[in-house]
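*Asks:* Chains as they are written, first to last, in numbering that gives the first Met the number 0: chain A, 0 to 251; chain B, 0 to 342; chain C, 0 to 337.
Read the hints as simulated data drawn from the structure, not as lab findings.
Wrong hints could be hidden among the right ones.
What the hints assert, rightly or not - Computed footprint of chain C on chain A; a stretch qualifies when at least three of its residues, placed anywhere within it, have a C-beta under 8 Å from a C-beta of chain C:
(1) 73-79
(2) 218-228
As the list claims (entries may be wrong) - Beyond 12 Å from chain B on every Cβ pair, some chain A residues (computed):
(3) 54
(4) 137
(5) 150
A virtual CB, placed ideally from N, CA and C, is assigned to each residue, including glycine.
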Amino acid sequence: MSGGPADRAVLSAANISMRYRRGGKLSGSEQIQALDGMSLEVRSGEILALVGPSGSGKSTLARCLAFLERPDSGEVGFQGEAVPWEDVLAMRGLRRRVQLVFQDPARAVSPRFTTEQVLREPQQAWQQRASPQRALDWAQLLAEVELDPKVLPMRARSLSGGQLQRLVLARALVTEPDALLLDETFSGLDLSLQAKLANLVLGLVESRGLTCVLITHNSALAEQLADRSLVLSQGRVVDERSAPDASTGGTS
Amino acid sequence: MTKPIDSNPDPKSPVLRLDRLEVRYPSRTAESDAVVVDGLGCEIARGQAVGVLGESGSGKTSLALAVTGLLPSEARCSMELEILGRPVPAAADERFWRRLRGDTIGMVFQQPSLALHPMRRVGLQVADVLLSHRPWSARSCRRKVMELLDELDLESDIFQAFPHQLSGGQRQRIVLAQALACEPSLLVADEPTTALDRKTEIQVLELVRRLSRERQMALLWISHDPGVLAEITDRIYVMYAGRWMEEGPTESLLAEPNHPYTKLLLDCLPRRKALRSEPLDRRRLTVIPGMAPPASELPSGCRFVDRCPVVTESCGEKPSPVPMGQGRTWCVRAGSTRLGSGP
Amino acid sequence: MGTKVARKWLWWILAIHLVVLAAELVAPHDFARQVRTLSFAPPTPPRWIDAEGRFHWRPFVYALQRDPRNPREFIDTTNERHPIRFWVPSEPRQMGPMVLKYRLFGTSSPTGIHLLGTDRYGRDMFSRILYGARLSLFAGALAGTLAVVLGLIAGTLCVTWGGWVDAFLMRMVELTISLPWLYLLIGVRAFLPLSMDPVPVFVLTIALVGTLGWAVPARLVRGVLKTAREQDYVQAARGFGASEAHLLFKHLLPQTRDTLLTQWALLVPKCVMAEVTLSFFGLGVQEPFPSLGSLISVLTEAHGAMTRVWMFWPAVALGLAILSYHLLAEALQQHRDV
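Bound conformation, chain A alone (with noise of 0.2 Å):
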């Protein structure tokens, strides 16, 4: 695990709001509330499930927990302090500790890049002011999350559904974060496939103490996998469920 205390909030949120405008100023716009005053601590080590129905602010809530969008009002913590927003120096190290798992993994690697180049960006991406970083161990990479290497001069989008999920996770990691929060990786997913990749990111869970937070509209799933799951309706937490003989919050 991750050295300090099991209860340590890896990622917080303090009563965060978010609002976006919706249409042109010609057609009349309106305003959107995506956030509504949330609040949620993520623990270290855990599996926090957010459940919520689409509308329910669950997309913006990753994006804010991800580092990569600004709450309108309110403060986001990583550690235990409050994120310096105005830094950007600061900030891009702070998005390497937390990495987001996009909904649509096609959507989410360049047209342009083969596999390679999309497992090699996230280092490219960085190495431009850092000090240099431990070379990539790929064939262990790809073991870690089943993929094969065949498929790395490969164009990225020409992978097949179950392949491309498994590379944004492989890329995903490559940044050694803290926290890895899923977007709805499994939705709409057929079962096999579904199974085999949450046991996948168990296992990541397991082997890199990872925290982990799941975002999801299937709550069956989320009593699979999670420790803690909470309710989200309308930007805002409307529950908490968490297992009985879970006070400490961590995995065993």
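Chain A is fixed; fit chains B and C onto it per the hints.
*Replies:* Just chains B and C, lined up with the frame of chain A:
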């Protein structure tokens, strides 16, 4: 406009009778064609809801396209198809199908947002279907659309809305309204609710079920999700690599599957009913080992032979259907042994 | 660029540009060489059969002379054949860094070949069209490139800076688009001295036309970049701690390529037309230097246009060049829609 198939034939004949459906795609690289669907047959009675359960690549979409005459031109398809007791000629051309589709057969496909024109009011898009199949005036088409919207629990002012102003569930209902406008005898649906969240999905499914009962409309519902089929169908066909594995009444098939594939597939469903802080490896889901065979290298016998946990020597022969209760199972070991208890 | 069609048109356009670029070599005459006796002479087509009906393998031309009965008309001097040869020696001329002593084709006698006739001063129209097309086409291509580059820079600034820079530049775009830019062009040019050296006029024309064309590409680039930035894979790259520069060069700018190519193919003919129009009104390069515009403007001298149809060839050449660019743009656009 004359209909190719009379909508009031003998009430006892099934709405759809399909036999020996075969769909193959000529392959550019491999020597042999890719056989996507191989010798399927089924029957759907009036008001009956039949589901096809299959994973992606099993050929279930080709099945839906074949019975609606929408297969791409490079596909080679042969079948014996009867709709409302009248055979569809093997050389049925696009004109024949066009009069059938939207009239006798309604269709809903994946991704409702793509099926609607973004710049046209949705009410008019529903009316378009009526205008092209019925000799009605614009006014009576409009009245019919209003009735349809009401039937589908949509507000009447949605008529004037554009697709982007609607939620996913509303858009799906509009696509349904298009499919149901001409009161088809058969509705073919290919995973239309996959993009919706669970709550909306159930609402749409209940709505379709209610309408199919009220109108005595037959359903051919294709999905990878047993949960969806449990909501809406009377009978399920399980499809794998282009062939039926098993068919039977929904309840008994999902509760007590006879085919090893069905059993394994249903085992992949999450089974914990409450959060428990178990160790992570106890939370693992059951998986089916291996991969589905590619359509150009299918095994000659049972298609599931490479992944089956209870395989025997006789699995190398093509299985014929074994009656099991009220259904059939295409497995040589069906009935002879208790399946599912691994070797 | 994937389509064969677009590639085909691109090669064709490249070929046109290469031919006019080598005008010194290809043209059988100097653009300024006057033969006063051959004013408004008709084309001298290559022939294979002479006046006696004999066939010759090597094509030849007959020299022209005034018809003694009607001095306004020309007749062939059939007593002597002038064979057409390739790689004819000629007076040394400068072409770029090279000194040419040959022409691609011509006759060895001084009479010469006039494929497309001559103008009022007896200058060879074919040669003048080549030289004029070089000026017009290259002015257009360079101005179009300038406009696209300016548009790319402006659009990128809008997206990376945002805020007031974005708002300001977009208002400038709207202003530029709403201006009647052809009249503006003429107005600006009219401020400058009428007779200038050809090189400054050439550069000035390119700069003027190019700076006025930036608006549409700028707006399109901004739109493409704004959409691109919301793509999941760009957001994912941000998630790896990517710098703005990495996002811009690795993900965002590559997506503008198709838009820019299409815009370029659409802008170049517009810029060619702008140069032609300026020259047509006498505001481009001055005589004796030809431009397609000034060659076409000769047609406005009403007398003789209808009897001397070869004077329409510059307009045909212009039409062909513009059409080629539009077909390229069309092919590029279809490729993008797929």
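*Asks:* Hint by hint, say whether it matches the structure.
*Replies:* We went through each hint and held it up to the structure:
no.: 1; hint: 73-79; in the structure: violated (count 0)
no.: 2; hint: 218-228; in the structure: violated (count 0)
no.: 3; hint: 54; in the structure: 7 Å, violated
no.: 4; hint: 137; in the structure: 22 Å, holds
no.: 5; hint: 150; in the structure: 14 Å, holds
The structure is inconsistent with the numbered hints 1, 2 and 3, although it conforms to all the rest.
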